Amino acid sequence: MAMRPEDVLKTIAEARGTAICVPTMTTAPAWRGLAPGDLSVTCTGFMGGASSIGLGLALARPDRRVIVFDGDGSLLMQLGSLATIAGAAPRNLTHLLFKNGVYHTSGAQNIPGGDGVDFVLMAKAAGYRGGFVIDELDELKRRMPAILTEAGPLLVELRTTLAAETPMTARGGVPFPQQVADLRTKLLRPRAAAR
Amino acid sequence: MPESIPSSLVIDELKNTFREARAAHAAEVEEPPQHDHLGWVLSVPDTHQKTVLAALDKEQTIRVLTCSTEDEANAIAAGLWIGGEPVALMIQHAGLYASVNTLRGVAIDGRVPIFYMIGLLQREKDKDPLESRHSMVRYCEPLLDLFGVPHARLEGPDDVHRIGEYYRLSRQRKGPTAVLVGLETI
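Quick note, the sequences are listed as chains A and B, same order.
Oh and the first sequence: position 175 is 175 in the numbering used here, straight run, nothing missing.
Each number in the numbering used here corresponds to the 1-based position in the second sequence with 1000 added.
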């Protein structure tokens, strides 16, 4: 049974603590309502880049968990990132894959391979330390502590319904360059800002 | 006439550049450093710079991450920069062409300083790159100009200082800059 992405995001928001989050595409509108102005940066304008931004953050900041909210269509655009992430082997990276089988933002066209693409198998074959599927909210809540602490890279395929909003139906939010600057400031604490 | 640049000169310049970047960073932020090494090179292997990549394999103070695509390298660089890490990309011109949307979205629109070292594979020694008979050589500088990316040529050992200069320029302007490696490094 598929989960509502909004319920999944609410569960993550309640559990993530000081983790850095990297939403993209249809997770972005709901996330900015759940976690405004926090330690997040939305991958927008270069579809497929969320996992790589997350990798860079995870390598830069091994003291923090980094959680990527990827999409199935997005990951397919830079599928090689599975191998790059596995090669870098960041223990602090959780790669959540919101799988709905379609390119929701552009009109819900089926992704290549539709629901049959096994991302967990691909991540494990690439060299991720772990991966599994969750399709029920209760199971997600039960396993969330482990998802946020187990040695990564870890890929969790989340079977979800379509989101209530997409970046096309719920425009707005903080522009990407401002998100980048804000997150950098929060993580590094410039001396002038710290005083 | 262009000359090949020894890999040791490139690596020494990168080390000096990263060392300087770390010192400047330490003076600017409260957050203590998370790493002992000087910085990162993100590479999608480039034939033109293969001697540098080979030498970097033995280098302890610079971490090298080989990426599957230049798109990834751009986004990883953004994450590293947000987290306070010095980083340079080593790619070839074909990789630049393959990743222009990410160059635009991350480095230009996102105002993320990304410094590229781009190998001009098949550049002829006796021709200006703009007059090359190979489109992959000929189009590189015009493409960078189209996107407003400041760039300089590394035409020999005397130009190695451009690495530090253009790295710092990328930080100053919060955007992309590039140096073009004219001949294969040695």
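One or more hints might be untrue.
[To be verified] Pairs of lysine-lysine residues, derived as DSBU-like cross-links and limited to a Cα-Cα distance of at most 35 Å, are as follows:
id, chain 1, residue 1, chain 2, residue 2
1, B, K1174, B, K1125
2, B, K1127, A, K186
3, B, K1050, B, K1174
4, A, K124, A, K10
5, B, K1127, B, K1050
6, A, K124, B, K1127
7, B, K1015, B, K1127
8, B, K1058, A, K124
9, A, K141, A, K10
10, B, K1058, B, K1174
11, B, K1125, A, K186
12, B, K1058, B, K1125
[Claimed, not checked] Some chain B residues well away from chain A (every beta-carbon gap over 10 Å; in silico):
id, residue
13, A1055
14, L1065
15, A1078
16, N1101
17, R1104
18, V1106
19, R1111
20, E1155
21, G1164
[Unchecked claim] Derived CB-CB ranges, DEER-like:
id, chain 1, residue 1, chain 2, residue 2, range
22, B, L1143, A, G113, 54 to 60 Å
23, B, K1127, A, M122, 40 to 46 Å
24, B, A1054, A, G107, 44 to 50 Å
25, A, G172, B, L1143, 56 to 62 Å
These aren't lab readings, by the way, just hints derived from the structure by calculation.
No experiment lies behind these values; they were computed from the predicted model shown.
By construction, the Cβ of each residue, glycine as well, lies at the ideal position given by its N, Cα and C atoms.
Violated hints, by number in ascending order, as checked against the structure: Of the numbered hints given earlier, those the structure breaks are 2, 6, 11, 14, 15, 16, 17, 18, 19, 22, 25, listed in rising order.
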